[in-house]
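Quick note, the sequences are listed as chains A and P, same order.
In the working numbering, each residue carries its 1-based index in the first sequence increased by 618.
In the working numbering, each residue carries its 1-based index in the second sequence increased by 2.
No more than 25 Å apart at the CA atoms, straight line, and that leaves these computed lysine to any residue pairs for SDA-like:
(1) A/K1038 / P/W553
(2) A/K666 / P/E70
(3) P/K545 / A/M988
(4) P/K536 / A/F986
(5) P/K446 / P/A216
(6) A/K956 / P/D507
(7) A/K740 / P/E278
(8) A/K1038 / P/E569
(9) A/K981 / P/D494
(10) P/K446 / P/D494
(11) A/K865 / P/L368
(12) A/K865 / P/N404
(13) A/K1039 / P/D507
(14) P/K472 / A/F972
(15) P/K203 / P/S159
(16) A/K666 / P/G51
(17) A/K956 / P/Q253
(18) A/K1038 / P/F542
(19) P/K281 / A/P728
Hint data in this document are derived by calculation from the structure and do not stem from the laboratory.
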Amino acid sequence: MHKVYTNIIGIAGDVITVVAEDIGYNEIAQIQTRRGVSLAQVIRLDGKKVFLQVFAGSKGISTGDKVRFLGHPMRVASGENLMGRIFNGSGQPLDKGPGLSDNMIDIGGPPVNPVKRIIPNKMIRTGIPMIDVFNSLVESQKLPIFSIAGEPYNEVLSRIAIQAEIDIIILGGMGLKYDDYLFFRDTLEEQGALSRSIFFIHTASDPTVECLLVPDISLAVAEQFALLGKRVLVLLTDMTNFSDALKEIAITMEQVPSNRGYPGDLYSQLASRYEKAVDFETAGSITILAVTTMPGDDVTHPVPDNTGYITEGQLYLKNAVIEPFGSLSRLKQQVNGKTRDDHRTIMDTMIQLFANYRESKEKLSMGFQMSAFDKKLLKYGRIFEEKMMSLAVNIPLEKALNLGWEIMRECFEPEETGIKKSLVEKYWPNPLLTS
Amino acid sequence: MSEKRTGRILGINGNMVTAEFQDFVIQNEVAYIIHGEERLKSEVIRIRGNIAEMQVFENTRGARIGEEVEFTGELLSVELGPGLLGQIFDGLQNPLPALAEECGFFLKRGVYIKALEENQKWDWTPTAKIAQKVRPGEKIGYVPEKIFQHSIMAPFSLRGSLEIVSIAKPGEYNLKESIARVKDQEGKLHDIFLSQNWPVKIAISAYAEKLRPAQALVTKMRLIDSLFPVALGGTYCIPGPFGAGKTVLQQLTSRHAEIDVVIIAACGERAGEVVETLKTFPEITDPRSGRPLSDRTVIICNTSSMPVAARESSVYTAVTIAEYYRLMGLHVLLLADSTSRWAQAMREMSGRLEEIPGEEAFPAYLESRIASFYERAGLVRLYDGNIGSVTIGGSISPAGGNFEEPVTQATLKVVGAFHGLSLERSDARRYPAIDPLISWSKYKSFIDEKQVEAGHRILKKSHDVAQMMKVIGEEGTTLGDYIDYLKGEFFDFIYLQQNAFDPVDEASSSQRQKYIFNFIYDKILEPEFNFEDKAKALRFFQKLRQLFRGWNSISWDSAEFKKSEEEISGLLALP
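Extracted from the complex, chain A is given alone in its bound form (with noise of 0.2 Å):
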């Protein structure tokens, strides 16, 4: 029922040419190459000849080979059954379990109606003060941890996962190290959350092109359940990766680059997945934390660039902690005036004097004298950074803004810190009580 073409008329690194009449734009084919079968997907028209990029990669392709048009776009099956299975970029089982086709979908389906949006306004409780108290994270948000390869981001996206209260994870994994594959899974199985999620699997060893498919396809099944009133976490890493093979696309149909070599479109590439991040008004949610690795450390390249003026904030993460100053949460001005009255004011103050507490090892370094006031702040930023900065310390909001007043009663004079005198009365810990 399915027309089939033999005249593949050009190879050009992933995309291959063929000769048909009447597909439609974004249509799939399958070609059936000595290898085996493999997913294409059209992306240009031109007369007859029609553009594909082959998901598995054009290697071992002849010009004989058969193509098969399916006449649908990329579609993906949805629903209870893929609760924890593990799939590849292009939706085919990776576990030993069946191959799934009920309630298909397709990927990369429309926006939302910006009207149908709700302003963000629940906490997810991560139990990283880093997290919690300095930038909290909030339902819906779309928030990236930039980093570089080595830092332990896949680590904090897996703890992250495990401790927030979310109803399902789904882990769209591109260019992963198959270490950090079985890292994951590993470690949502032993901590009991591997049956509430769903990974797509793009591993570094696939053909580039797959890695495409990962974000639409973890955000499409993340919808569905949304929609049923779920609140979905997707989790994507690394989306730098995914930059790359798009670049390697728009390279390979001769586009002209706009900086770096990455395509002019690359923002709203990169916008159409992180804005699928939304709290339905009358449904469920989906929040992303993605990971976009900065090569060099340069925020300015264009993938961390871009990113930042999509996502709602980003988590820095340098030297295996959050860095205070880089990472920002935009949405936390809704969530923690909510939780304790005095959730604000530490933020503030703590930062404030950590701010204080760098300028004065600098000025340590420098060789200028140091004040009294200076030696507090060198005790304080040493307490701050081991007590709550290390990714080691897994504690409760409540209990993470008691340890603050701890930590600054530890250091300070309570004028020294700026806080309202209410708040100190209410909160400075009586060091008769505590010691």
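Based on the hints, put chain P in the right spot on chain A.
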């Protein structure tokens, strides 16, 4: 000739479709791709031989070679008439609330809804008489819309002198009913309705003359109004890296600016930010009218995940609506956030057209497009002698936060004020994060020029001293320099910075700004202070800062205001 001109699709590349046509096509006319039941709107952007290239305002998924294209003969237009205020449109002027009612959560492609509710009745009052001659753009009557008298004008698309043949009596009319009939110079009759259409890419010039912007627009942000003012009918831009607070600044301006109508063009930015505006504005009362802020606001919203081509048209849709309200003698502020996304939309299209790229792959016509957009701002005198204005404020998101990039540079050439945001300032939590050392304005402030200059001077001096201190330390700085440094910091902290969370401090009236600036100039910036040592000076200014902070959050017309002032004066009498 057949009444319907059609063509067939030859190629599809992203949102660019090429089609072969038979008769003729018009540059920039609207064409529809007939894809089964769906009609996908597009615009002709290039013609070569008998091949037209079109940008499609929708996702082209599933479209096929050979599908029919219908050319409409109309340029991409907006509908102008009563009912625009308080609405939320997408880039093609589809009302989003109505779309949500029809399609639910998602924006279904190929669904278009008329911008204005056709059947709504408006209370019409004619002002023109039969046999009177009017020019296009001249008022012939009005209907009340929210807090304004919405002028109904002779259609801009007609030419020459128009004679009124008939005009409807006062009463209730909807948009489909003719309210007047005019005869043009060729003797042709035209019906006039409460609404009319106008192509977005052409400026409406139905006014007597363009004037030079002179009067300051009060944004109630001290840093802007006092040091880098914007004029009514002027233009300004706000470039800044991400996280520097562009959008917050635009939101504050849209709330507090002393202006009649605000048009917000959310162009290719986060949907969440638009949601905040559209959910909160109906609940905030405009102190000038006592009505919700949404009553004076039109939102054009084409967020980053909505189709790219419609993003390009959204800024034009917005500026056309702004020009329309200007012709009623109103002062309109257009806030475009962000013009970089608009420029990127042009770049994407240019790439698909395989045009020779300019710098950073932006098309060579980038500069002229930006210039002609900002040139649509301006202060104008209408035919009836009234004055109206369109002020344009565009935010820019430069790649890597680098102001050397093409969009920022092209914009700086044409705007009258530059509010450069710096990450350094926002990291130090100094809001608004407009950097006073790099920003400039060609407009005149309502603050005395001599005082403004003193403000700039102390900021510059203070910055120089601070730089020096980083090298030689506090120990090596003279007391005089140190006091200048403290003065500059003080001026920055209590005058330039404003607390957006404080109900009083978030908006500062022009009256208050004049008073406070004068006070600071007379009593702090100008006088010489004598302190024994730096520590004493520091303590003095810390105390002063604390008192001033308190003063800033006391409302202008209260008794405590004077009391606080006296307390500060008392402290100032000491050294």
